[in-house]
Amino acid sequence: MIFQKLDQSQKRSTILESPTGSGKTVSVLFHVVSKYPDRRVVFLTRTNSQGENLLREARALGLEKVMTFFGRGEMCLYKKQASEMSQGTPEEQSSFCRVLVEMHKSGKIGCQYETNFERDWRKTIMSQEDFLNLGKEEYCPYFAQKSLAADAKVLVTSYSFFLNPFIRERFLGWMEAELKDIILIADEAHNIPDLTRNLLSKKLTYNTLSNCSKEIDQFGDLLINKVNVSYIVESLNKALDTLLKEGDRIITTQEVTEAYMDSFQMNSLDIKNLLNLAANFGLSIKESKSAEGKLPRSYIYNASVLGSRLMDDDEGYSVTISHNEEPSGISIMNLETYEILRFFGDSYRTYFMSGTISPFSKFIDEVGVKDPEKIVIKADYLERNLKVLFVDDVTSRYTMKDESRERMNSYIRDIVENVKHNKIIFCTSYEQLSSFLEIDMKGRIFFERKGMSNEEFVNLMTNFKQKGGNLFAVINGRISEGIDLPGKLVETAVLTGIPYPPPSPETSAMELFYEMKFRRGWEYAYDAVAATRIRQALGRLIRSPEEKGVAIILDSRAKKFRPELPNLYLSKDVVSETNAFLD
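Using our numbering, read the sequence shown as starting at 1 and increasing by one per residue.
The reader is advised that the hints may include incorrect statements.
What the hints assert, rightly or not - When the alpha-carbon atoms are kept at most 27 Å apart in a straight line, the in silico BS3-like pairs for lysine-lysine are as follows:
{"no.": "1", "residue 1": "Lys65", "residue 2": "Lys105"}
{"no.": "2", "residue 1": "Lys202", "residue 2": "Lys79"}
{"no.": "3", "residue 1": "Lys272", "residue 2": "Lys202"}
{"no.": "4", "residue 1": "Lys226", "residue 2": "Lys286"}
{"no.": "5", "residue 1": "Lys517", "residue 2": "Lys560"}
{"no.": "6", "residue 1": "Lys202", "residue 2": "Lys153"}
{"no.": "7", "residue 1": "Lys11", "residue 2": "Lys153"}
{"no.": "8", "residue 1": "Lys11", "residue 2": "Lys202"}
{"no.": "9", "residue 1": "Lys560", "residue 2": "Lys572"}
{"no.": "10", "residue 1": "Lys548", "residue 2": "Lys488"}
None of these hints come from the bench; they were simulated from the model. Note that the structure is a prediction, hence the values are computed from the model and not measured.
With these hints in hand, go ahead and build the complete structure from the sequences.
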């Protein structure tokens, strides 16, 4: 069905919403390579595991010259000797790599891996692991990717290579191609706007300024216009103190400038000039580190450039926000995304795929897609195999959560102890998750912790898969999107509230922006986000026609989302109804 609908479309952009397990990836890939055999394809993904899924489909279709392409942070083998490589920005990594290669060529200690790789396809489909294995032959995996990119028919890469316009141009250069000739496939496309905002946002923190002081200890306290660099850092620290006094909030450039003038004891023009000169000192530090074969990073440079930018009135849509939560500081948050995402419209064809991309209007407005083909695939088995229950006597609404707490805890205890099947309990926050762990309840409990390392997270999921029980997680965390738990690993998902974004300056700014631009402030900033999070969480349950599951929403406001959840039912006994449906 998906392939037929794709084949009927003649438009340059297609938005495809289809549930997990419906075959959307293989359908889009087969459609593209069969209908446009002379076109090259770039498949954009958020995670490496999603890229591996594409490679599996490519092997099944018998495709050739398919490859992954990932950044230096993931592909560099020298990072075992220089761990800094994984921590740098793409620009820092590129400069660091160039210096290490040149050092080795000149007979100094540098990177020994060979950068000249013939266009030799060792396999018809080259995965990340295949490229990394070239290190055994002393070839650099990253440069091997660059060599084969010019010859590849299908490239799988991360969004970061295309969302950053400078990296995108370099990437197309390695492909020896123009965007107008390329077909783009964007996987889990509902993430694109937030990924773009994260890429554009910058933050000045106390941690950054602390690292500036360490750089001064190492490289000297340069005197600039009768002022030491340490004075500049101290003044920025004092300005942060002033701006953070009133808590998390949106602050104006005038407030920033006034805080600077008070802490620097100078006028704004002199402060601007001083920060520019400090940035030049930072550049000299970067050059010095580069000459020593170190990551060319200068915190003085970064703090000076961003500190100066915080004084500027931005002609675009951006806001400055203060944050007291670690790492505390002030940030510039870009609100609009469609200007930077217009490149999608310049490709030969673009396909946006997701299981939860609706409402289409919000996605189209944020990405700036013009007159796209909209395809929605409904899986009949979801209505048969997924039951969504809700209760009407509790809520996580901020103004009523205290009076609902005891009933909510009672529901959690009853579900944990009496629903016989493996469960994920999706909490609205880490604070709420921690409060549930204090409940006296019987059962095998696993829980996600804030700030877990990758190793800790993998161990958590491995233990849960092996032993089963009750997994407590946060609705917008790693488990609610992208984790594969097929079969009977999870048959029940519990949502302990409607996952609206918590009150914050960021959300308020987005609501105002959406209202100004699209007249849909609350709808886009709150309702659409909550609906997507609910559907993502429920997507952990049913991934094939053979699976069954029950979702339990512990919030009376669930009925508002009935259009997105057609199989939603009010329940008077969630435990009995869940066990009856699954047994």
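Structure-based check of all given hints:
A hinted pair counts as satisfied when its Cα atoms are at most 27 Å apart, and Lys65 with Lys105 does not qualify at roughly 31 Å. Our distance criterion of 27 Å between C-alpha atoms is met by Lys202 and Lys79, whose separation comes to about 26 Å. With a CA separation close to 18 Å, the supplied pair Lys272 and Lys202 stays within the 27 Å bound. Proximity of Lys226 to Lys286 is assessed by CA-CA distance (about 23 Å); at most 27 Å being required, the pair is judged to hold.
Of the pairs offered as hints, the one joining Lys517 and Lys560 holds, with about 25 Å between alpha carbons and a cut-off of 27 Å not exceeded. For the hint pairing Lys202 with Lys153, the CA-to-CA distance comes to about 36 Å; that exceeds 27 Å, so the pair is violated. Restraint check for Lys11 and Lys153: satisfied, since their Cα atoms lie roughly 22 Å apart, inside the 27 Å limit. For the suggested pair Lys11 and Lys202, the alpha carbons sit about 36 Å apart, so the restraint of at most 27 Å is broken.
Note on Lys560 and Lys572: the hinted pairing holds, with a Cα-Cα distance of about 18 Å set against a maximum of 27 Å. A C-alpha spacing of about 8 Å is found between Lys548 and Lys488, which places the hinted pair at or below 27 Å, so the restraint holds.
Of the numbered hints given earlier, the model fails hints 1, 6 and 8; all others are met.
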